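Chains A and B are the protein sequences, given in the same order. Going by this note's numbering, the first sequence opens with residue -19, and the numbers climb by one from there. Going by this note's numbering, the second sequence opens with residue 4, and the numbers climb by one from there.
Just so you know, these hints were derived from the structure itself, not from any lab. Be careful, since some hints might not be right.
[Stated by the list, open to error] Going by beta-carbon spacing under 7 Å, a handful of chain B positions derived as facing chain A:
1. S9
2. R58
3. L79
4. I82
5. Y87
6. Y88
7. D93
8. E94
9. Y109
10. F112
11. C170
12. W183
13. V185
[Unchecked claim] Straight-line alpha carbon distances no greater than 30 Å define the calculated BS3-like cross-link-like pairs of lysine-lysine that follow:
14. A:K149 to A:K163
15. B:K114 to A:K10
16. A:K75 to B:K122
17. A:K75 to B:K17
Treat the numbers as computed from the prediction; the structure is a model and nothing was measured. Backbone N, C-alpha and C define an ideal beta-carbon position, used for all residues, glycine too.
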Amino acid sequence: MLNSHFTNDSNNDYGLNFNWQSSSFVFTSKRETVRDLVMYATPPWHITNRKMARLPLFWSTVLYTCRFLYSELRLQTNRDNIEWPVNAIALNFGKWETGGSYSTHAIDCHAHAHLLLTREFIHECNETFFRPLQGRQNAPPDYLNQNAEILERERLLSYELRTHQQTIKELKTQVDDIQINMKKMMTILETISSKQ
Amino acid sequence: MGINASYFDITNDKANINELSTQLARLASKMLDKIQILCQETHLPFNKQFRLELRPASFHNPDPRLINLWELRLNLDPIVWFDYYWQKTDERINFLNQARIYVDKYRHFVKYEHLPEPKFEPLASERHCSYQATCDKEGGKYAHALHSTLICLENGSMLRDDGLQKCGQFFVNSTIAMQWPVKSSK
């Protein structure tokens, strides 16, 4: 029994309709052709990401899945020098969670985690080996880039501009002061030279 | 930054998965709690969008001692992060420089991939039902489009009142790669 270790876990909220004997996780490809294996709680089990992320059961299934994919890939390729097939495991929350789903207005959608796979793994997928994933080789969305872009556009550019304006204003005041002083000096110089 | 307990040796087949998962669950819980605390203390919407990511530490940190170790990261909404520090900091110019360094670093941190044509065509999605509005197949309006039978009909919490109060998450056979009972290893 894989998760027998956790069957006594009574500290956590397992959501609705959970049953140690019959509940399962289901793994699917995405509609987009990206190398992302999505792991859901199988209905009728309903749980949210906020609850699922707290479950040791969830994390152990993630880790066993990674190991399983690794050993399957080793058998498939018949090589030992293969890469670990999972690049990252990601759980989105709030708007980042529902952004890609049909009901973008859901407050708490059906829990799911993204297992981002390597190109090497997808390359091996075919009619008999993880068929739903075959050819889905594109990179998942680059959130780092998106975040950088949003931050730059929504905040940074205008704040930088404001700071520059402030600096320019200060410079302007200084230049004005210098000009006034220059004028004074010129007048003084002129009086001195006219006296001579 | 030294090597500490927040790194996970998940690719090591001698590592104890039960222990690792308990630690991961504990850390994830702490991060989720942190989000709530941040919201309460700052009155900024830290909880509106965020992301938990388990990745090799080497993705962000080139330290050779971290090779093969994984870390759990909490990714915040960059706008909220910015607003928070903007209010807090006395050295705004310094902070703007930091934000600029962040933006320049992550703009092209992940390199664009030019991929050859795949060996196999990705499976096309299944045909939608032509009678979506009137179809009375099992699952009704929640699964009308693809006649899925694996649907979550629990009450979900929705923001709009369009009569769809159920969770409605459905699964289509052609996309299911595998299914694992929670009690067994395979």
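So, going through the hints one by one against the coordinates:
1. S9: Status violated, d = 14 Å.
2. R58: holds (4 Å)
3. L79: Status violated, d = 9 Å.
4. I82: Since chain A brings a Cβ to about 6 Å from B:I82, closer than 7 Å, the hint holds.
5. Y87: This interface hint is violated because 11 Å lies over the 7 Å limit.
6. Y88: Violated. Min distance 11 Å.
7. D93: violated (15 Å)
8. E94: violated (12 Å)
9. Y109: holds (4 Å)
10. F112: Hint on B:F112: holds, closest Cβ of chain A at ~5 Å, below 7 Å.
11. C170: Nearest chain A Cβ about 5 Å off; hint holds.
12. W183: Holds - the Cβ of B:W183 comes within 7 Å of chain A, reaching about 5 Å at its closest.
13. V185: B:V185 check passes; min Cβ-Cβ to chain A is 5 Å, inside 7 Å.
14. A:K149 to A:K163: Distance ~21 Å between A:K149 and A:K163 Cα, so the pair holds.
15. B:K114 to A:K10: holds (22 Å)
16. A:K75 to B:K122: The given pair, whose Cα atoms are some 35 Å apart, is violated under the 30 Å limit.
17. A:K75 to B:K17: Answer violated: A:K75 to B:K17 is near 38 Å, above 30 Å.
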